[in-house]
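Enquirer: Here the protein sequences line up with chains A and B, keeping their order. When you line the first sequence up against the working numbering, it's residues 983 to 1354, in that order. When you line the second sequence up against the working numbering, it's residues 89 to 373, in that order.
These are computed hints drawn from the structure, not numbers from a lab. There could be a bad hint or two in this list.
[Stated by the list, open to error] Below are the EDC-like pairs computed for lysine to aspartate or glutamate, each with C-alpha atoms no more than 20 Å apart in a straight line:
#, chain 1, residue 1, chain 2, residue 2
1, B, Lys368, A, Glu1085
2, A, Lys1202, A, Glu1044
3, A, Lys1289, A, Glu1275
4, A, Lys1045, B, Glu273
5, A, Lys1278, A, Asp1337
6, A, Lys1142, B, Glu265
[What the hints assert, rightly or not] Simulated restraints, written as ranges between beta carbons of each label pair:
#, chain 1, residue 1, chain 2, residue 2, range
7, B, Phe283, A, Arg1120, 23 to 31 Å
8, B, Leu192, A, Ser1003, 25 to 33 Å
9, B, Ser282, A, Val1007, 23 to 31 Å
10, A, Lys1110, B, Phe283, 28 to 36 Å
[Unchecked claim] Which chain A residues face chain B? A few, computed with CB under 8 Å, are given here:
#, residue
11, Asn1069
12, Asn1074
13, Phe1078
All C-beta atoms, glycine included, are put in the ideal place defined by N, C-alpha and C.
Letter by letter, the chains look like this.
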Amino acid sequence: MIKKNSINNEKIVDLISIVKSFDHVKAVNNVSLGINEGEFFSLLGPSGCGKTTLLRVIAGFEKPENGNVFINGTNVNSVAPNNRPTNMVFQNYAIFPHLNVSENVGYGLRNTNLSKDQILKKIDGALKLVGLKGYNKRASSALSGGQRQRVALARALILKPRVLLLDEPLSALDKNLREQMQFELRQLQKSVGITFILVTHDQTEALTMSDRVGVMFNGKVDQVATPEQIYNKPETKMVAAFIGSMNFFETKCLEKSSKTVTVFHKDLGNVKLLKNNIFGVESTKLTIGIRPENLKIISDNLKIQSKSFTAKIVEKSFMGDTMLYSIKLNQSENNNTYNISISDIKNSPNPNIGDKISVTFEEADVVAYYEE
Amino acid sequence: MYLSEQNRKGWRLLGVPFLFAIFLLAVPIVTMTALSFWTQDYLTLIKTITFENYKQAWFQPVFQTLFARSLIISLTVTFFTILFAFPIAYYISFYGGKRKALWLFLITIPFWTSYLLRMFLWKVILGYNGVLNSFFDWLGVITEPLTFLLYNTNAVILALVHGWAPFAILPIFVSLEKIDRSLLEASNDLGDNSFNQFFRIILPLSMPGVIGAVLIIFIPCIGDYITPKLVGGPEGLMIANMIQVQFSKANNAPLAAALSVTSLLIVGIIAMAFVFFNRKYLRNY
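Produce the entire structure from the sequences given, and follow the hints as far as they go.
Expert: This is the structure:
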């Protein structure tokens, strides 16, 4: 296997203005995206956002009606899947039912001109890599879900593709196995050094495994960034709402300076926003977003350090490691509820449903989006 | 004997099919087998056990010829039917799109007329003054009608292949439908071109349908009576025609029974051997 641990900035996959529609609905709408050699890249989005279609365009199963696909610097628009340097792990694993584990794993090698001995050796190596040593003669029908996934991985990796495509490979596994496989996949990717492109609708999966994440909605890529950037500075409202949870407040723009914008909200008062945290096309209306963990409940005796507002608790739920409060604002007429999540339960005040509380937040943690 | 309600219910459910199997399958076969060991003197049956009928059935050249011919015709028909049916089933399954049901419907249309009529139709097509000969005459490629079209083995094979095609198309279609299309993408992804993919994935996975079709066609074909009678001529006669002659004109029911049992054995042994050698394809996935 190729040993390469550092990520260099060569683009192994380069998608340029890809358009693909099904029955006049644009599943992928003018997407341009570059994926670096050796990175673990995730395409994240809700179902129907076009992420799987995009993956299938890279694999060659879907022909885009517009745009170009470059793999390793070569335009592969007219190259069939069997001649692309990509291999895929299918969502249902697509294990050949009439072949045993060895025959499945060695399937692709039969299309090369390796000798039988070399093929057998490689099969053993690949099975060892995915932790299925000695399973050679096992019937594919006798495999568990996790084992099927490992066979699918070995079958794809044995061909040493430049890019490994994974279509929601973990969605069929139970929670514990899924978490274990997330870790193993990550380890595997680092050890073989092959570029992985993973499609998933599970944000935790994307955030924990990937070097970079592309978040897709309605056939478009909204943001491509590292997991930290995606979480802390989501560039569109949809990304902000999809990744983790976010409290949104509608505000009006009061004043703009070179580095900050001050907005007004009935309850929150004046909030000074950093321009770096504001996204979208400039206008006078802004929606600001604060993560539940960035809101803190102030105990009565504590002095207010920064921005604060008052609210009433309407719901309270204990989640084990965190306490989740649902609050209603005092001034706003609408019935919206907002969330506060407290992870340091022991050292925080413990108000009850119906209690009035004061809530504080840091202005630097606030992100904002211009509204049309 | 005490039977629980559940037990009685079970026996009631089993009863009807059991009686059906006994009286319509077991009794006739046992009767026929018994008959084959007896002899007939004009209209009276002599019920002393003898192997004379089997001796005749197995060793007389005329019967050997007829058995061999029936077997060859049946195997040829099976082969060509599958050969023609597979691409049709393949097309419907993979390229039928939204019209799959329509295609299947069209395939069953010939069944709206009786088998006899369809066989007569071949006489019209292949006959001395038939459609083909008239057409060739009109084209001017022949000076006198072709006579090798009808009343021979080839005519029997042609008519049978046509008659049995749907019985092959449908089971093959069903097994092709059952193939998970992502397996085809996977094989493609792993470097297979369409040719490799067909022989490594599609054909092995559609084998249950092919095996079913082979049995459905081969077993009844060997005993076919009406087709050789109508289009076979003297040269295309098969074992069933001889059995009929022995039963009626020759007044030798025991010999006819021995011939029947023999052809039953031949079909049974070949069919079982065929299934045995292909058993790996019949696993349940």
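Enquirer: The structure should be examined with respect to each hint, and the outcome stated for every one.
Expert: Hint check results:
{"no.": "1", "hint": "Lys368/B with Glu1085/A", "result": "15 Å, holds"}
{"no.": "2", "hint": "Lys1202/A with Glu1044/A", "result": "17 Å, holds"}
{"no.": "3", "hint": "Lys1289/A with Glu1275/A", "result": "15 Å, holds"}
{"no.": "4", "hint": "Lys1045/A with Glu273/B", "result": "14 Å, holds"}
{"no.": "5", "hint": "Lys1278/A with Asp1337/A", "result": "15 Å, holds"}
{"no.": "6", "hint": "Lys1142/A with Glu265/B", "result": "32 Å, violated"}
{"no.": "7", "hint": "Phe283/B with Arg1120/A: 23 to 31 Å", "result": "29 Å, holds"}
{"no.": "8", "hint": "Leu192/B with Ser1003/A: 25 to 33 Å", "result": "31 Å, holds"}
{"no.": "9", "hint": "Ser282/B with Val1007/A: 23 to 31 Å", "result": "29 Å, holds"}
{"no.": "10", "hint": "Lys1110/A with Phe283/B: 28 to 36 Å", "result": "33 Å, holds"}
{"no.": "11", "hint": "Asn1069", "result": "6 Å, holds"}
{"no.": "12", "hint": "Asn1074", "result": "6 Å, holds"}
{"no.": "13", "hint": "Phe1078", "result": "6 Å, holds"}
Checked against the numbered hints above, the structure violates only hint 6.
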